[in-house]
Amino acid sequence: MSRVAVLKGGRSLERQVSLRSGARVEDALERLGHDVVSIDVGVDLIERLRAEPPDVCFVALHGRDGEDGTVQELLEILDLPYTGSGVPACARAMDKVLTKHMLVEAGIPTPEFFAFTQMAFRELGAAETLPTIEERLDFPIVVKPSSQGSALGIKFARAAGDVPAALVSAFSYDARVLLERHVKGRDLAVSVLGGDGGPRALPVVEAVPREEDFYDFEARYAIGRTEFVCPADLPEGVSERAAELALATYDTLGLYGFGRVDLMLDEAGELYVLEANPIPGLTDTSLLPMAAEAADIGFDELIGQILELALARAPRV
Amino acid sequence: MRPAPGEDDFVSPEPRPPARSTSRDLERYAGLFASRTKVMKSSAMRDIMAVTARPEVISLAGGLPDTSSFPPETFAAVTARIAEQSCAKALQYGPTEGLPETKDCIAEVMAAEGMRVDHDDLIVTTGGQQVIDLVTKTLIDPGDVIVAEGPTYPGAVPVFHAYQADVVQIDMDGEGMRVDLLEERLDQLDREGRKPKFIYTVPSFQNPAGVTMSLPRRKRLVEVAAERELLVLEDNPYGLLRYEGEPPEPLYALDGGVYVMYLGTFSKILSPGIRLGWVAAPPPVLEKINLGKQEADLCTSTLSQLMVQAYFEIGDWRGYVRSLTAIYRSRRDAMLDALADYFPPQAEWTRPGGGLFIWATLPDFIDTDDLLVRALRDNVAFVPGSGAYLDGRGHSSMRLNFSGSDEERIREGVRRIGEAIKEQLELYGTLTGEHEAVRVEHADEAATEEPGGRVVELRKREGRPRRAGGA
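Top to bottom, those sequences are chains A and B. Going by the working numbering, the first sequence opens with residue 4, and the numbers climb by one from there. Going by the working numbering, the second sequence opens with residue 9, and the numbers climb by one from there.
Hints listed in this document are in silico derivations from the structure and should not be mistaken for laboratory results. Cβ coordinates follow ideal geometry from the N, Cα and C atoms, glycine included. Treat the hints loosely; a few may be bogus.
Part of the chain B face toward chain A, derived, beta carbon under 8 Å [unchecked claim]:
id, residue
1, Asp378
2, Arg382
3, Leu435
4, Thr438
5, Leu439
6, Thr440
Please model the complete structure; the sequences and the hints are all you need to start from.
Structure (C-alpha cells):
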C-alpha cells in the first residue's frame, strides 16, 4: 500500500468544492488501505512534500493552480508521481480558447467563437469588431472567461447592449475572454476514465436544471437544484456519438487518467463540445462519480484506478 | 470491548462508518430534503466569501465588531465572579425566557435609548439572529408576505427564504425606508387580497445601507402599522454606536410596544461571541415566540447571561461603548476620506452617522459579484450588493465594513477596490466608445472637490439576464 498525499483546497475560487472532493478521496483511499496525508495546498506545499515525500500525489484541486498545470509542474520538479493529466494537457484544457482552437483543427464540432484579451480592446480597438461578431454569432451570445473552470463569470448577452457589461464581468476572471454562439439544447457531460485498454467513455450524464433557464455554478454543487440523469435518455446513436467526441477531445488535448468533457446537444440533434475538465469534481454531487457508478464502478474502485494510472504513467523525459 | 457507560475511561469513538459514496445515495438524500431547503441560496457566493477569509486579504466584507480592545482583566474578573458566586447556576439550564438578572441589564440598555420595558415583555435569545428566526417562525406560513427594506440585512435573507416567505422590498433614501412607497405597496397587496404579516426594518444605521430612518418617517411607519394592524420588527443592533448627532426615538418607544417588536443584542456593545440578544414584543406574540424558543434550544446559555450580569455590575459598559464609538468613528472617517480619494465620480455612497457599514453604488454595468473576484486578485474583499436583495437587484452595489480593520488597512483596501473599479470603467468606456467618462485623473479631482460622498437614492433597477447556459 502506498503513502498518498491528497492535494486539495488551494487558493482558487473552487477551493470549497476541492475540499469536498479531497475529503471524499481521502476516505476512499483509507478504505483502500493507503496511508493518507492530507495537504491543503498553500505556501508550505513544497516544504511538506520534501519533508515527507509521498509515493504518489492525488491532485484533488479544481480551478486555477490545481487544474492549469501549475501544481503538476511542481510535482514534476520534485519527481513525484501524481494523478490525472500532465502539465501540457492541463494547460491546454484549462484554456478554453486554446481548447477550442485545437478542437476546430481536429475536426471536432464546437460552437463558433471569438476570443479577445483585455489588451486587444484597450490598445487595438477591438471594440470596433463587436458588431461584426454579433452578426456572425447571433444573439444570445455566451460571454465567458477563458480559464475559469466552473460557470463563474459566464454571462448571457441577449442583445448588443448587454455585450459590454458581459465582457467587463468576464474580464474580472481572466485577461482573456471568449464570445461564443449559444447552443440551445440539452446539457451533457461525458466522463472519461483511463485503463489497461486505453481510455473509455462512461455513460452520459444529462444536467436538467429545475428552476433557472440554465445551469449555473450554484446549481452545479447544490443538491436539489439540478436533476442529473445517468445514463441520459437520448435519441438513438447520440450517446455513442457523444462518447466518440469525448474520447476524441480527450486524445486531442492529451488528457490522462480521467477527465470530463461537456457537450451540448442542439435541437437538430447535433453535438458540440464546449470544454474539457482535466480534474472534474469528485464530490458527492459530481458527475464523474455518478457516471462511474452507472458503469458499475464504485467510488473506491474509481479512486483506486485513478491512483494506479498515476503510478503506471511513464515519467516525463 | 467498549467499557460500560459510567466507566471512567474515555471511549475512543467507533471508527467512522464508511462514507456513503454512491451517487444513488445522493438521489436518495435529495428526496428527503424539505422543500424549503431548495430555495436556500448557497454555495457560489459562500465559496467565494470563504476566499475572503485568507489572512493576506484586506476584508471590508465582514461585519465584525472590534473585540481586541475589550480589557482582558475585566473578562477575568467576570469569569472569576461567576465561579465564586454562581458556578452551579451558570452550569445549569435556565428558564426559556431568560434570567431576571439579565433582563435587568437589558432594561438598562434599552433605557439608554429611551425605551421602557418590563421583564414580562422580554425573552433573552441566542443572539439577535435568533429573534429574526423565531419571529419569522411564529408569524410566517409559506407564501406569506414580509415587507423589508431594499437593500435589507443579508443575514435575514436566508431566514426569510427558509420559511418560504414572499419578501417585498421597499426602496430607501437618505431618510430610510420610503414609507410613502410602503403605503402604496400595502394598498397594492391589499387589492391582491394579501396581507403582510410583518415589516422588518433596521431603522438606525441600517445594515447594509448605513442610513437612518428620520423621525417623521418613524412616526408615520408606526401609524401605518397601527392603522393596518401590522407588526413591525425593529432590528436595532447599532443604535448605541452613534458617531454624531442626536438619536431619533426608536419605533418601540414611539409605538409603546403595541405593534412594534424590538430586537436588541449585546453583540455590538459587548461581544458577539457571547451570543446574547433579546426580543421585546406584545405578550400574545411573546408567548408564541417563547414556544418557538423552547423548541429551538430550550434556553439561552446561562453562562453567557450571567457573564452579562457580572459585567454590568463590575465593568463599565457605557464607557466601553464610548471607547468603541471613538474607534469606529475614526475608522468611518478614514473610509469616507478614502472613498472620496479613490472611488471614481460615477460611484455614490452613503455617509452613515453610526453603525458599521457604508453602502456604495456603481454604474449599473458593473456587477459587483464579478468585481469581487477581480478585487480578490488584489487581496481585498467587500460584500456584493446582490445578497441584500431577494429580487435580483443590488448587483451594482457593495457593502463596505469599517469596524473590523484599522485606518491604514481601510485606506489601502478602498484604494485597491477603487483601482479595480476604474479598470472596469475604462474597459467599459473602450467597449462602448464613452472614453470621456473614464479618465482616472479627472476622477480623482472630481472626487476631491466633492468630499464625503452623497447619500444615495437606492434606486430600482431592471433585473437583467445574467448567467449563461453551457456546462
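Hint-by-hint comparison with the structure:
Contact between aspartate 378 of chain B and chain A, as hinted, is supported at the beta carbon level, the nearest pair being about 4 Å apart and thus within 8 Å. The interface hint given for arginine 382 of chain B is met, as the beta carbon of that residue sits about 4 Å from the closest beta carbon of chain A, less than 8 Å. Taken as an interface hint, leucine 435 of chain B checks out: its beta carbon lies about 6 Å from the nearest beta carbon of chain A, inside 8 Å. Annotation: threonine 438 of chain B was flagged as interfacial toward chain A, and the flag holds, the nearest CB pair being 5 Å apart, inside 8 Å.
Among the interface hints, the one on leucine 439 of chain B holds; its C-beta lies about 4 Å from the nearest C-beta in chain A, closer than the 8 Å criterion. Checking threonine 440 of chain B against chain A by beta carbon gives a least distance of about 5 Å; that is within 8 Å, so the hint holds.
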